[in-house]
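Going by the numbering used here, the first residue of the sequence shown is number 1, and it counts up by one from there.
These aren't lab readings, by the way, just hints derived from the structure by calculation. What you are looking at is a predicted structure, and each value in this text was computed from that prediction instead of being measured. Don't take every hint at face value.
[Unchecked claim] Quick list of in silico lysine to any residue cross-link-like pairs, SDA-like style, CA-CA up to 20 Å:
id	residue 1	residue 2
1	Lys175	Gly116
2	Lys347	Val70
3	Lys351	Gly146
4	Lys351	His372
5	Lys175	Pro89
6	Lys175	Leu265
7	Lys217	Pro89
8	Lys175	Trp120
9	Lys217	Ala365
10	Lys351	Pro89
11	Lys217	Trp373
12	Lys347	Arg177
13	Lys217	Gly116
14	Lys217	Ala368
15	Lys351	Arg149
16	Lys217	Leu369
17	Lys175	Gln92
18	Lys351	Ile140
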Amino acid sequence: MAHLTESRLLSGAHWSASARSAQGTDLRGHALRLLPGLCLSAVLAAAAMALGRIDWLAAHGLSALTLAIVLGMLVGNTVYPRFAAASGPGVQASKQQLLRLGIVLYGLRLTTQDIGQMGWAGVVVDALVLCSTFGLACWIGVRWLGLERESAMLIGAGSSICGAAAVLATEPVVKARAEQVTVAVATVVVFGTLSIFLYPALFQLNQAWGVIPGGAKGFGQYAGSTIHEVAQVVAAAQSIGPEAADTAVIAKMVRVMMLAPFLLLLSGWMARAAGGRAAKGAGGAVAGKGKITVPWFAFGFLAVVLLNSQQWLPAPFVHLVTEIDTGLLAMAMAALGLSTHFGAIRKAGAKPLLLALILFGWLLAGGALINHWVPVVLG
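Taking the hints into account, I'd like the entire structure generated from these sequences.
Dropping the structure here:
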């Protein structure tokens, strides 16, 4: 009996060791499959970050994220198809897992103290600009221009929150295709870059017309609440002056902070809409409920913002991690570019650009009205 028990124990131990060995082999094999694509994404991201430090490119608001997707598209539409089979798993991981981690760590750029510096009027301005711009994108894009809902939402997110980072964060929620994401990012680049040159001229006009109150500080709030990308906000506002630049960056950071609640609300709305379509398809007899795709990385983003607000983390550590985060997001953008074909973008046509142009007009005019009236109403 004792011998039998000992044999069973030895057999169980042998099976457990074999299972652990097999699991370790599977993990190593999975890592090796990811390695080529991760390395390719990392090389392109490093090149984009190096280019992003060139003064001329930085002055024109061309951030590492924008340059990464451009480099990715150039490689993706030339030599990449030759080794796409080997690099595919790692490229996919860059677009998904690394993207989510990058969005979470993006919270290290923000603190809750940013809200206190801006005041509630500034928060209301940002919220109204976000909601009105995204709502217009969905309404005009789908109903009037006939765009796919996913495309309209991505363009709306990029225009209303924080450019390419918002497009990337929204993609998992709306389940968009790679070319839809790339087109949305392209609209951010086009009209955000135009803002860099246009807003200093608008500031001079505002000095004469007085549409936006508060001088340089008030105009900085306007710039931060309406320009697409953080880098573009910095480039445009610095051309106006340091007071405008400081206010613009804070306004923009608060707008970025709204990304997490936006994603959660959008996820719930998408689930409800899916449930409504399911119920309609079944004859409307039973009200259906769609499955909510919870963007867990949004909670991580908020947690990191709250942690950073406590000022427990040493400044050198925060700086290091934000640099790593830029690299992760650049890898995600490079991977997105590798997965995008020029033919798919051409197929999208001029309608996405037209929608982005309409939204740009709204950000300029509607954003000015919001920035004018909210301080008046709230005192």
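Hint check results:
A distance of roughly 35 Å separates the Cα atoms of Lys175 and Gly116; the hinted pair therefore is violated under the 20 Å criterion. Of the supplied pair hints, the one linking Lys347 and Val70 holds, its CA atoms being roughly 18 Å apart against a limit of 20 Å. Straight-line distance between C-alpha atoms of Lys351 and Gly146 comes to about 8 Å, which keeps the hinted pair within the 20 Å bound. Between Lys351 and His372 the CA atoms are separated by roughly 31 Å; this puts the pair beyond 20 Å, and the hint is violated.
A threshold of 20 Å between alpha carbons decides the hint, and for Lys175 with Pro89 the separation of about 18 Å falls inside it, so the pair holds. Among the hinted pairs, Lys175 with Leu265 is consistent with the structure: their alpha-carbon atoms are about 15 Å apart, no more than 20 Å. With a CA separation close to 48 Å, the supplied pair Lys217 and Pro89 exceeds the 20 Å bound. A threshold of 20 Å between alpha carbons decides the hint, and for Lys175 with Trp120 the separation of about 34 Å lies outside it, so the pair is violated.
Taking the CA atoms of Lys217 and Ala365, the gap is near 18 Å; set against the 20 Å cutoff, the hint holds. Of the pairs offered as hints, the one joining Lys351 and Pro89 is violated, with about 32 Å between alpha carbons and a cut-off of 20 Å exceeded. Between the alpha carbons of Lys217 and Trp373 the distance comes to roughly 16 Å, so the proposed pair stays at or under 20 Å and holds. Using a Cα cut-off of 20 Å, the hinted pair Lys347 and Arg177 holds, with the two alpha carbons roughly 13 Å apart.
Only pairs whose Cα atoms come within 20 Å are accepted, and Lys217 paired with Gly116 is accepted, the gap being roughly 16 Å. Of the pairs offered as hints, the one joining Lys217 and Ala368 holds, with about 14 Å between alpha carbons and a cut-off of 20 Å not exceeded. For the proposed pair Lys351 and Arg149, the alpha carbon gap of about 13 Å is at most 20 Å, so the pair holds. Under the criterion of a C-alpha separation no larger than 20 Å, the hint pairing Lys217 with Leu369 is consistent with the structure, at around 16 Å.
Taking the CA atoms of Lys175 and Gln92, the gap is about 14 Å. The hint holds against a cut of 20 Å. A hinted pair counts as satisfied when its Cα atoms are at most 20 Å apart, and Lys351 with Ile140 qualifies at roughly 11 Å.
Taken one by one, the earlier hints fail for this structure at numbers 1, 4, 7, 8 and 10, listed in ascending order.
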